[in-house]
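**Student:** All chains should be modelled from the sequences, with the hints used to inform the complete structure.
So for the sequence shown, this note's numbering puts the first residue at 1; every next one is plus one.
None of these hints come from the bench; they were simulated from the model.
These numbers come from a predicted model, not from an experiment.
Using N, Cα and C, we set each Cβ at its ideal position, and we do this for glycine too.
Any given hint could be a false lead.
Claimed, not checked - Derived BS3-like pairs: lysine-lysine, alpha-carbon spacing no greater than 30 Å straight-line:
id, residue 1, residue 2
1, K47, K105
2, K47, K104
3, K109, K47
4, K104, K146
5, K187, K45
What the hints assert, rightly or not - Listed next, with one range per pair, are the computed distances between beta-carbon atoms:
id, residue 1, residue 2, range
6, R68, R23, 38 to 46 Å
7, E33, E179, 30 to 38 Å
8, R182, P22, 22 to 30 Å
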Amino acid sequence: MPKTTAKTRLTEYELEVLDNTPRGECELIANAEHFDRVVRAGICKAKVSLDIMTADFKAMLVPIGRGRTAASIVEIMRSLANKGVEIRLLHAGTPSGAALAELKKGLPKNVTIRRCPRLHAKAIIVDTSLMYLGSANLTGAGLGAKADGKRNFELGVITSASPLIEAVLEQFNALYEGERCRKCRRKDICPVPLEEPTGL
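**Tutor:** Below is the structure:
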């Protein structure tokens with residue numbers, strides 16, 4: 001009898017947790033779809049805000065029009081910011097050399113970039129109304145336009161479901177504003193919490 005009671009309580013607890021889990025409709029995207037759906041139709045179309053979480057941050061190239069001209073993602077962000085888009089980028093690793101070179105050209109004040117070495121999540125939220133959540137980093141092989149045979153195998157979902165977007169934004173804000181720093185036990189790899197690129 002005690003075992004049955006414990007099971008019942010455990011089941012009720014699990015059901016209660018599930019009932020509080022954010023839900024919403026999602027659309028699966030794979031591999032090369034990431035560039036068209038997330039970059040071209042998402043990042044490049046931002047009007048108000050752009051929040052990005054990525055482990056790796058490289059100056060991936062974004063082809064412009066139908067020609068061979070391409071702009072780096074840093075240039076794209078700079079252009080969006082100049083149009084008034086508020087951009088926050090949170091990454092884990094040291095930006096690539098090309099990305100750092102682009103960053104040193106300067107950024108508008110409404111672009112902030114911070115680093116959390118423990119970050120492994122990848123998410124992109126456009127205008128707080130469209131979200132990508134998946135495996136792809138902000139790199140050419142992840143979200144970029146690399147051809148089949150060269151790009152990574154990636155999976156993710158796109159959603160406009162407010163409960164899901166709000167839940168991810170809550171996690172993003174907690175990290176971005178340093179709420180998790182006080183209890184962090186990895187100061188050995190993070191001597192400067194939420195470090196921003198220097199020399200810009």
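**Student:** Each hint: holds or not?
**Tutor:** Here's how the hints hold up against the structure:
1. K47 x K105: holds, 23 Å
2. K47 x K104: With a Cα-Cα distance of about 25 Å, the restraint between K47 and K104 holds, given a limit of 30 Å.
3. K109 x K47: Since the Cα atoms of K109 and K47 sit roughly 16 Å apart, the hinted pair holds (cutoff 30 Å).
4. K104 x K146: Status holds; Cα separation ~25 Å.
5. K187 x K45: Measuring from Cα to Cα gives roughly 37 Å; hence the hint is violated.
6. R68 x R23: 38 to 46 Å: Between R68 and R23, where Cβ atoms are some 43 Å apart, the hint holds.
7. E33 x E179: 30 to 38 Å: Given range 30 to 38 Å: holds, Cβ gap about 34 Å.
8. R182 x P22: 22 to 30 Å: With Cβ atoms ~26 Å apart, the hint holds.
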